[in-house]
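Asker: Given chain Z's structure and the hints, the job is docking chain U onto it.
Protein chains in written order, with our numbering: chain Z, 1 to 115; chain U, 1 to 114.
In case anyone wonders, no lab produced these hints; they're calculated from the structure. Being a predicted model, the structure only gives us computed values, none of them experimental. Keep in mind that a hint or two might mislead.
With a straight-line Cα cutoff of 20 Å, these simulated SDA-like cross-link-like pairs (lysine to any residue) come out [unchecked claim]: (1) Z:Lys26 x U:Arg100; (2) U:Lys26 x U:Ser71; (3) U:Lys69 x U:His45; (4) U:Lys26 x U:Ser106; (5) Z:Lys26 x U:Lys70; (6) U:Lys56 x U:Lys70; (7) Z:Lys26 x Z:Ala2; (8) Z:Lys26 x U:Arg54; (9) U:Lys69 x U:Glu55; (10) Z:Lys26 x U:Ile47; (11) U:Lys26 x Z:Gly58; (12) U:Lys26 x U:Asp66; (13) Z:Lys26 x U:Val44; (14) U:Lys26 x Z:Lys13; (15) U:Lys70 x U:Gly42; (16) Z:Lys26 x U:Leu46; (17) U:Lys69 x U:Arg100; (18) Z:Lys26 x U:Arg41; (19) Z:Lys26 x Z:Leu83; (20) U:Lys56 x Z:Asp101; (21) U:Lys26 x U:Thr77; (22) U:Lys70 x Z:Ile12; (23) Z:Lys26 x Z:Pro8; (24) Z:Lys13 x Z:Arg111; (25) Z:Lys13 x Z:Leu83; (26) Z:Lys26 x U:Gly42; (27) U:Lys26 x Z:Leu83; (28) U:Lys56 x Z:Pro8.
In silico negatives: residues of chain U with every beta carbon more than 12 Å from chain Z [stated by the list, open to error]: (29) Leu11; (30) Gly40; (31) Gly42; (32) Gly59; (33) Ser73; (34) Ala90.
Sample of chain Z residues with no beta-carbon within 10 Å of chain U, all distances over it, derived [said to hold, decoys possible]: (35) His29; (36) Ser33; (37) Asp62; (38) Leu90; (39) Gly107.
The beta carbon of each residue, even a glycine, is placed where N, CA and C say it ideally should be.
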Amino acid sequence: DAGVTQSPTHLIKTRGQQVTLRCSPKSGHDTVSWYQQALGQGPQFIFQYYEEEERQRGNFPDRFSGHQFPNYSSELNVNALLLGDSALYLCASSPGTGGRDYGYTFGSGTRLTVV
Amino acid sequence: SQQGEEDPQALSIQEGENATMNCSYKTSINNLQWYRQNSGRGLVHLILIRSNEREKHSGRLRVTLDTSKKSSSLLITASRAADTASYFCATGIGVSGSARQLTFGSGTQLTVLP
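Chain Z with its partners taken away, still in its complex shape (with noise of 0.2 Å):
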């Protein structure tokens, strides 16, 4: 039973350039939530995705924004990269609202370095 899987693993840009991160959930899993976690630090929550729509959107600017598709998949987008968007960016799955209630099944990330 695969898990969470996110490409590409490792990811160098230039500053102001646009990335795409790609994720898919776990088997069974219709609800997708990204995070951005710098180093040495905990997992910021960017965003949630449910049937295809953004359900909840954390403290971040609209430079990141996403998208979920119907077999449940979901990308994140991020133009005009700056330094400070250098980070591992996680993509979370769960069932519905079992996140909230029982966790959540997180991929190994994509490591985006901005120079």
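Answerer: This is chain U only, laid out in the frame that chain Z set:
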């Protein structure tokens, strides 16, 4: 901003010893979850304790929750080298809407020496 703070920031123990990590948080919660992260990779869910629970066990893990003090502790008994990782507490806060997001602390780096 971080909701919780783990204490200590770093902990080094010998294999076989017990490890205790503490977490404090600021606002009312629905539940508190503990996660482990190896070498900056993905997080692994360890255990969830609801706001109306005081203690929970899972294998070598024991979690306590004191909502009056807004604090939780994670005890790992008979530690192993494989337990070396960062440990995070995460809170689900507010009513059903905002409880969709988790707010993490800064983590405790546990090193278990063989």
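Asker: All hints, please: hold or fail.
Answerer: A quick look at each hint next to the structure:
1. Z:Lys26 x U:Arg100: The given pair, whose Cα atoms are some 18 Å apart, holds under the 20 Å limit.
2. U:Lys26 x U:Ser71: holds (9 Å)
3. U:Lys69 x U:His45: violated (24 Å)
4. U:Lys26 x U:Ser106: Holds, at roughly 14 Å.
5. Z:Lys26 x U:Lys70: Not satisfied, since the Cα-Cα distance of roughly 32 Å exceeds 20 Å.
6. U:Lys56 x U:Lys70: holds (16 Å)
7. Z:Lys26 x Z:Ala2: holds (6 Å)
8. Z:Lys26 x U:Arg54: Since the Cα atoms of Z:Lys26 and U:Arg54 sit roughly 30 Å apart, the hinted pair is violated (cutoff 20 Å).
9. U:Lys69 x U:Glu55: holds (14 Å)
10. Z:Lys26 x U:Ile47: holds (19 Å)
11. U:Lys26 x Z:Gly58: holds (18 Å)
12. U:Lys26 x U:Asp66: Holds, at about 12 Å.
13. Z:Lys26 x U:Val44: Holds, at about 13 Å.
14. U:Lys26 x Z:Lys13: violated (37 Å)
15. U:Lys70 x U:Gly42: Violated: U:Lys70 and U:Gly42 sit about 27 Å apart, past 20 Å.
16. Z:Lys26 x U:Leu46: The given pair, whose Cα atoms are some 17 Å apart, holds under the 20 Å limit.
17. U:Lys69 x U:Arg100: violated (23 Å)
18. Z:Lys26 x U:Arg41: Given that 20 Å is the threshold and the Cα spacing comes to 17 Å, the pair holds.
19. Z:Lys26 x Z:Leu83: Given pair Z:Lys26, Z:Leu83 is violated - Cα atoms ~31 Å apart, limit 20 Å.
20. U:Lys56 x Z:Asp101: holds (14 Å)
21. U:Lys26 x U:Thr77: Outside the cut-off at roughly 28 Å; violated.
22. U:Lys70 x Z:Ile12: With a Cα-Cα distance of about 40 Å, the restraint between U:Lys70 and Z:Ile12 is violated, given a limit of 20 Å.
23. Z:Lys26 x Z:Pro8: Holds: Z:Lys26 and Z:Pro8 sit about 17 Å apart, inside 20 Å.
24. Z:Lys13 x Z:Arg111: Holds. Z:Lys13 to Z:Arg111 sits at ~11 Å (cutoff 20 Å).
25. Z:Lys13 x Z:Leu83: holds (10 Å)
26. Z:Lys26 x U:Gly42: holds (14 Å)
27. U:Lys26 x Z:Leu83: Not OK: U:Lys26 and Z:Leu83 at ~30 Å, beyond 20 Å, violated.
28. U:Lys56 x Z:Pro8: At roughly 37 Å apart (the allowed maximum being 20 Å), Z:Pro8 and U:Lys56 break the hint.
29. Leu11: The claim holds: U:Leu11 sits with its nearest Cβ about 16 Å from chain Z, beyond 12 Å.
30. Gly40: Answer for U:Gly40: violated, closest chain Z Cβ roughly 6 Å.
31. Gly42: violated (4 Å)
32. Gly59: The assertion about U:Gly59 holds, with a minimum of 15 Å to chain Z.
33. Ser73: It holds; U:Ser73 is separated from chain Z by about 17 Å at its closest Cβ, greater than 12 Å.
34. Ala90: violated (8 Å)
35. His29: holds (13 Å)
36. Ser33: The claim is violated: Z:Ser33 sits with its nearest Cβ about 7 Å from chain U, within 10 Å.
37. Asp62: holds (18 Å)
38. Leu90: Answer for Z:Leu90: violated, closest chain U Cβ roughly 6 Å.
39. Gly107: Since the minimum Cβ distance to chain U is about 5 Å, Z:Gly107 lies within 10 Å and the statement is violated.
Hints 3, 5, 8, 14, 15, 17, 19, 21, 22, 27, 28, 30, 31, 34, 36, 38 and 39, counting from the list given before, are not met by this structure.
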